[in-house]
Amino acid sequence: MVDAIVFIVSAIIILGGAVGVIFNQNPVHAALSLIASFFGVAVLFILQEVHFLALVQVVVYGGAVVVLFLFVIMLLGVEEIERFDDEPIPGQRAAALIGSVLLLGVILAGLFLSGPGGNRGAVALTGKPSQMVPLTTDPNVVQLANDLFTRNVFAFEATGLLLTIATVGAVVLVKNRGGEDLVVDEPGTSVR
Amino acid sequence: MEVTTTWYLVLSAVLFALGSFGLLVRRNPLVMFMCVELMLNAVNISFVAFSRSLRDLAGQTAVFFVLVVAAAEVVVGLSIVVALLRRNPTATVDDFAEMKG
Chain A
63 MVDAIVFIVS
73 AIIILGGAVG
83 VIFNQNPVHA
93 ALSLIASFFG
103 VAVLFILQEV
113 HFLALVQVVV
123 YGGAVVVLFL
133 FVIMLLGVEE
143 IERFDDEPIP
153 GQRAAALIGS
163 VLLLGVILAG
173 LFLSGPGGNR
183 GAVALTGKPS
193 QMVPLTTDPN
203 VVQLANDLFT
213 RNVFAFEATG
223 LLLTIATVGA
233 VVLVKNRGGE
243 DLVVDEPGTS
253 VR
Chain B
4 MEVTTTWYLV
14 LSAVLFALGS
24 FGLLVRRNPL
34 VMFMCVELML
44 NAVNISFVAF
54 SRSLRDLAGQ
64 TAVFFVLVVA
74 AAEVVVGLSI
84 VVALLRRNPT
94 ATVDDFAEMK
104 G
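Chains A and B, in that order, are what the protein sequence lines are.
Residues 63 to 254 in the working numbering are what the first sequence lists, from first letter to last.
Residues 4 to 104 in the working numbering are what the second sequence lists, from first letter to last.
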């Protein structure tokens, strides 16, 4: 019963945050709604006793990613209101709504309708449990670390390389070539 | 009331559809990026839910790698957005329709 209440409250927070991201005209408010959504997901992870991923969710998503978003918004000074009343492509919003509802319908149909052997719900999508790495009674962090540093050690090293490449790539992309100044730094043309 | 895996999967589907709707509707490149993050989170929810219901750790490992790749993707994507928006801070994605140098 407590689980259900926690789930419903965090689902409301997650979906409310998502709606806030989409319908806030101010990008700063959208980023703050995004934090709410990420924290709701972290609560759901804790509810499923996936403690390490909940921690990483808060630190990486709620911390680093959203701070990076806010940093870019304020660096560029793009926190002006995006007007919703002009629609550049006629009928685009209605088409987007229909497309998203159809996407949701397809996922839910796959979840509730199909399935081998008359199975429904989660089993319908996956079939028999795979048991690649069965869960044990060890603490969550210990299990995850054992799996990461034995079965997935090569992928783990590759993510280190990936992060290095991303850092170097960001520096190269943002580097100011040819003395082209930031618009917000020019006197008199400040956006705000 | 017991929270079953289906609850998590339905929530994940709704969040994914909301993210795709935002990605299609919004024109600010930063907000579109946030909607991509929402869709990634939706997938993470279903990975963890399946990991719990199938008693299998592989789903949680997948979420770990999704987190790392998402962090790298945000870094590169935001630097592209910075490179584009510093020329014209009021630009929307419609202004980048032609990918000419």
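No wet-lab data here; the hints were simulated from the structure.
Wrong hints could be hidden among the right ones.
Each pair of labels, with its calculated beta carbon distance range [unchecked claim]:
id	chain 1	residue 1	chain 2	residue 2	range
1	A	ILE151	B	ASN91	15 to 25 Å
2	B	VAL79	A	VAL71	32 to 42 Å
3	A	PHE85	B	ARG58	53 to 63 Å
4	A	PRO201	B	PHE68	16 to 26 Å
5	A	THR229	B	THR7	20 to 30 Å
6	A	ARG213	B	THR7	38 to 48 Å
7	B	THR95	A	ALA156	29 to 39 Å
8	B	ARG58	A	ASP148	20 to 30 Å
Residues of chain A clear of chain B, computed beta-carbon distances all greater than 10 Å [as the list claims (entries may be wrong)]:
id	residue
9	GLY139
10	ASP147
11	GLY153
12	LEU175
13	PRO201
What the simulated footprint calls covered on chain A by chain B, stretch by stretch (three residues with Cβ under 8 Å from a Cβ of chain B suffice, anywhere in the stretch; the number is not a length) [what the hints assert, rightly or not]:
id	segment
14	66-78
15	122-131
16	221-228
Note that the Cβ used here is the ideal one computed from N, Cα and C, for glycine as well.
Next item on the list: Just tell me: holds or violated, for the beta carbon distance of B/ARG58 and A/ASP148 against 20 to 30 Å?
Entry: violated (52 Å)
Note to self: Looking only at beta-carbon atoms, does the pair B/VAL79, A/VAL71 fall within the given range of 32 to 42 Å?
What the structure shows: holds (35 Å)
Next item on the list: Examine each Cβ of chain B, and state whether all of them lie more than 10 Å from the Cβ of A/LEU175.
Entry: holds (13 Å)
Note to self: Looking only at beta-carbon atoms, does the pair A/PRO201, B/PHE68 fall within the given range of 16 to 26 Å?
What the structure shows: The hinted range 16 to 26 Å holds for A/PRO201 and B/PHE68, with Cβ atoms some 21 Å apart.
Notebook entry, point to check: Do the Cβ positions of A/THR229 and B/THR7 conform to the proposed distance bound of 20 to 30 Å?
Noted result: violated (41 Å)
Check: In terms of Cβ atoms, is chain B entirely out of 10 Å range of A/GLY153?
Finding: Non-interface label stands for A/GLY153: nearest chain B Cβ at 12 Å, farther than 10 Å.
Item checked: Least C-beta distance between A/ASP147 and chain B, which was stated to exceed 10 Å -> Per Cβ check, A/ASP147 is outside 10 Å of chain B; nearest 13 Å; holds.
Check: Per the coverage rule (Cβ-Cβ under 8 Å, at least three residues), is the segment 122-131 of chain A covered by chain B?
Finding: Coverage by chain B holds for the segment 122-131 of chain A (6 residues, Cβ < 8 Å).
Checklist line | Range hint 15 to 25 Å (beta carbons of A/ILE151 and B/ASN91) holds or violated | finding: holds (20 Å)
Check: Taking 29 to 39 Å as the hint, is the beta-carbon distance of B/THR95 and A/ALA156 inside that range?
Finding: violated (19 Å)
Check: For A/GLY139, is the shortest beta carbon distance to chain B beyond 10 Å?
Finding: violated (6 Å)
Next item on the list: Quick one: see if chain B covers the segment 221-228 of chain A, three-plus residues with Cβ-Cβ under 8 Å.
Entry: holds (count 5)
Of the numbered hints listed earlier, those contradicted by the structure are 3, 5, 6, 7, 8, 9.
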